[in-house]
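Take these sequences, add in the hints, and give me the full structure.
Protein chains in written order, with the numbering used here: chain W, 1 to 366; chain P, 1 to 311; chain S, 1 to 375.
What the hints contain is simulated information worked out from the structure, not anything from laboratory work. The reader is advised that the hints may include incorrect statements.
Simulated crosslink set (EDC-like; lysine to aspartate or glutamate; CA at most 20 Å straight-line) [what the hints assert, rightly or not]:
1. S/Lys116 x W/Asp184
2. P/Lys118 x W/Asp318
3. S/Lys120 x W/Glu195
4. W/Lys169 x S/Glu362
5. S/Lys39 x W/Asp318
6. W/Lys169 x S/Asp207
7. S/Lys326 x S/Asp341
8. S/Lys120 x W/Asp184
These numbers come from a predicted model, not from an experiment.
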Amino acid sequence: MLTKRLDRWLPLMESVGIPIAALLLAMLIFAIFVAIIGQSPATVFYLLYQGGFGSAFAWQNSLLRAAPLILTGLAVAIPAQAGMVIIGGEGALALGALAGAVAGVALSGLPPHGVQAGILFAGMLGGGVWIGLSGWLRHYRGVNETISSLLLSYIGIALLNHFVEGPLKDPASLNKPSTRPIGDVNMIGNLPGMEVHYGLLFGALFALVTWIALRFTTIGFSLRIVGGNPRAAQMAGLRVGWWVVGAAAMGGAAAGMAGAIEVAAVQGAANASVLAGYGYAGILVAFIARQNPLAVIPVAILLGGINAAGGILQRRLDMPDATVLVLQGIAFVVIIASETLSGRLRVWRSTPAPVKPAIPATGASV
Amino acid sequence: MSTAGATIGWWGVPLAVLAGAIRVSTPYLLVSLGECITEKSGRINLGLEGVLIMGAMAGYATAFATGSPWAGVLAAGLVGAVFGLLHGLLCSLKRVNDIAIGISIMLLGTGLAFFLGKPFVQPQAPMLSSISFGFWSDSTQIQSALQINPLFILGAVLAFALHFAFRHTRLGLQVRIVGDSEDAARALGYPVLPTRIVATVVGGFLAGVGGAFLSLYYPGSWNEGLSSGQGIIAVALVIFARWEPLRCLWASLLFGGASALGPALQAMGVSSGYYLFNAAPYALTLGILIASWTPNRALSGAPGELSLVRQ
Amino acid sequence: MSKTKFSSSRRTVIKSAGAAAIYAAFGPLAFRDAQAASKLTVGVIYVGPRDDFGYNQAQAQAAGILKKMPSLNVVDEEKVPETIAVQKTMEAMIEQDGAKLIFATSFGYFDPHVLKMAAKYPDVRFAHCGGLWTAGKHPKNVGSFFGYIDECQYLNGVVAAHASKTKKLGFIAAKPIPQVLRNINAFTLGAQSVDPAFTTRVIFTGDWSLPVKEAEAANSLIDQGCDVLTCHVDGPKVIVETAEKRGVYSCGYHANQAALAPKGYLTGAEWDWATPYKLLVDAALTGKPMINFLRGGLKEGFVKMSPYGPAVSAKAKKVADADKAKMVKGDFVIFKGPIKDNAGKTVIAAGTSLKQQDPILEQMNYLVAGVIGKA
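Structural data, given as structure tokens:
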């Protein structure tokens, strides 16, 4: 009886316990690094906790920074379900921001909720078309999606810069070339009782809906077949091209939505400030989350928390900004490497394990 | 002070593209050749961007401390090799995803380089010297364009050597078989993991040297903005080159030359749409990809064990 | 040079090691709170690395001077992007460190980030670098400070014109925004004051720190016969070094880069942010109202020139020094009509003199005649 119950919990203990143990090991390595450079590890960890998660303010700070990362993480994780490695989220975010800002100005005059919906939709469309193009090129032209999404990303960033400083520039924006502002009334506000904008909720919902669709509908199954063995998928009657382009486009839509939210909740217009590396950070988030859309949320919050905590290290200890990069590097190397342990903790189990995890551990390489 | 020679007008554009092809391409060339070796063995190291930055910092710091730029190059290579070893060992563990480890190593390398590189932003390290191939010309512009760094020559020679080695040597065959099929390699008695680890170490070494080229020759400076994604692009160029060392050379030259186009046109007063000109290398590469790849040929040359392109 | 570098870094290590020991003994918060009670806490935010040998370093140097003032407790943060992150950094400085005065040193911080935080924390002062504070439109606890560095660029142009043999100058800039255009124009007008035949070729790289592109731009300009280069990017190191390597002259920007080009460095336009920093801190310490609009040039000590390099002729020094003396006295006008843009349109009518303080200059959207390139 007890062993049976234990069996049921083991996978969960593994999927939570191993990363936590890995995180502890990473903290130990980081502590040694901190000690070598002449700081007190205890102080550093105390401050990291304070800055990232030690108060309501710190939590909100972390959540705000996590909001775009959830969506850019999905931009990698969703196409990964169909076996694609997409690394062009930054460009999709750029075009999402541009499209969102254009829609926001074009729709001004409508009720704010209508304008906001239009901005988000335009952003998703902009990003979706861009990464969808990568999927299309992969399926119909045989162009590797990793390289095409990267190249498209640079081109998307160039397009944002070109339009923001050229045809779409608001003459009043002077030293910070931007599109025309979408207007204060149309800005997306904060969640009730919090100082975190609705972008966090949108991102979390996007992740949740994706997870449900992948787990409880045939979508996930179809994508896995398409990603795993396109020929078998074709024989099973699946329209492979449709699924490949669709998965890529949905990923792009997530990144584009992140861009639109940056415009509608933070910047108020599209400009080069939206290019803060969220798209690149999303690659990391997705791989740490093992391409699981639901796991993207806690990973994004962890990354947001470390970023939030970086500031306090700079301010209190005069440590450079790169300190948190080192911490992240160590943490993620150890966490990824710890995946080798998964499945090995089940030596005590009495019954054979269920073979198939819901989402392939390394979706991209299946 | 010498004065610049006669004005060259529009000839400046092709000249800049030629000079850029040589100057700008070298880091792409070295990193992509290294990554080519790694990928041929069936692994992908996406972390070479971080290795490149770490190499740039370590090379600059060593050159500054020892006074010898070549010591810097060597140090950069060794630091790169250490990162390659880390990647190679960790990816040999079961169930560890090489792409994910690569991305983490990118962060780690970048972070360490920025952290440790702070004291070296301001001082001037001794630079690598170059060989003048433009002595035959009176034009200072041509003389300058044909100042060629030995590392470029080394990279070009290496491309040909690798091309030969992969086809005609035992070692090359071993790397290719390990990369194409683990089972076949085992059946033939080749050690799979050691081969891959060594291939990743060599890849890391070359990426480190590519970083040293950036910091010790062109643009020849160390700061946190030094790399604008050269390491990542180089990894992409390997796929573009379909895992052929010689094509890595052509791809790097193309990319370098296209990078010089924007500035050269602006120097002639063509400055509208400069963001689009500056995106030329990306657009051109994508255009060639689309034009030259068809679904049937897409994966010809791809190592069978490569996670990135496994279908 | 190498020696000072190493000793200074060692000192930093020793200092932080000492600080760590104190923290370990007293606990970080207790330490900070005790300090904050009696002192004014000032927060400084940079968009790039503190030690970029350029824009951010110039700001960090001023912050370094504040750090030595006993009545202040200075906290700073580098590489803060112009996103929600900078809002949260400002808030963290206020909430976690008790900051009452914040220096936000990147232009992109102003709208919406500084404005939003200023509305939320009306009793905190926000000093923003580069912005255009407008009465009635912007909150009273916000101030924008900036320096008329175009005066230095004008003098750069004067000196460059004396050194140049080809009468072609090169300017490498990040983006065609008003601050940058004003510098390019002042540089060109300075050169044309020596000889109207001077032209300036401009290359926009598209971003503030792109070393490879900056080196390519420098090489292209030199290939086109430009024999003096200057720039407006965050870190001019690569450009000054490339010019030296190719045997042409350079004028620096942001900080003194003379050591990088012992032969070809003519002079340079440098910030002296300590002046406005101290003024703003003094106002906060003495409880005077926030200085909402703070500008200054050579006269006020907001900017300064690098010492002349060995290649500057006696004649060049004499002419430049005479212009500088007039600027320091406050009766020199750079933008004096008639001025045409490079498309032939009159942008400043004859008889119109736009003094430095004129806000219309901060909206410059043209390149003057003689500049080759498009704004």
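Hint by hint, here is what the structure shows:
A distance of roughly 12 Å separates the Cα atoms of S/Lys116 and W/Asp184; the hinted pair therefore holds under the 20 Å criterion. Annotation: proposed proximity of P/Lys118 to W/Asp318 holds, straight-line Cα distance about 13 Å (limit 20 Å). At roughly 12 Å between alpha-carbon atoms, S/Lys120 and W/Glu195 fall within 20 Å of each other, so this suggested pair holds. For the hint linking W/Lys169 to S/Glu362, the alpha-carbon distance of about 17 Å falls within 20 Å, and the restraint holds.
Proposed proximity of S/Lys39 and W/Asp318 is supported: the alpha carbons are some 19 Å apart, at most 20 Å. Of the pairs offered as hints, the one joining W/Lys169 and S/Asp207 holds, with about 17 Å between alpha carbons and a cut-off of 20 Å not exceeded. Taken as a hint, the S/Lys326 and S/Asp341 pair is broken in the structure, with Cα atoms around 25 Å apart against an allowance of 20 Å. Simply put, S/Lys120 and W/Asp184 have alpha-carbon atoms about 16 Å apart, close enough for the 20 Å limit, and the pair holds.
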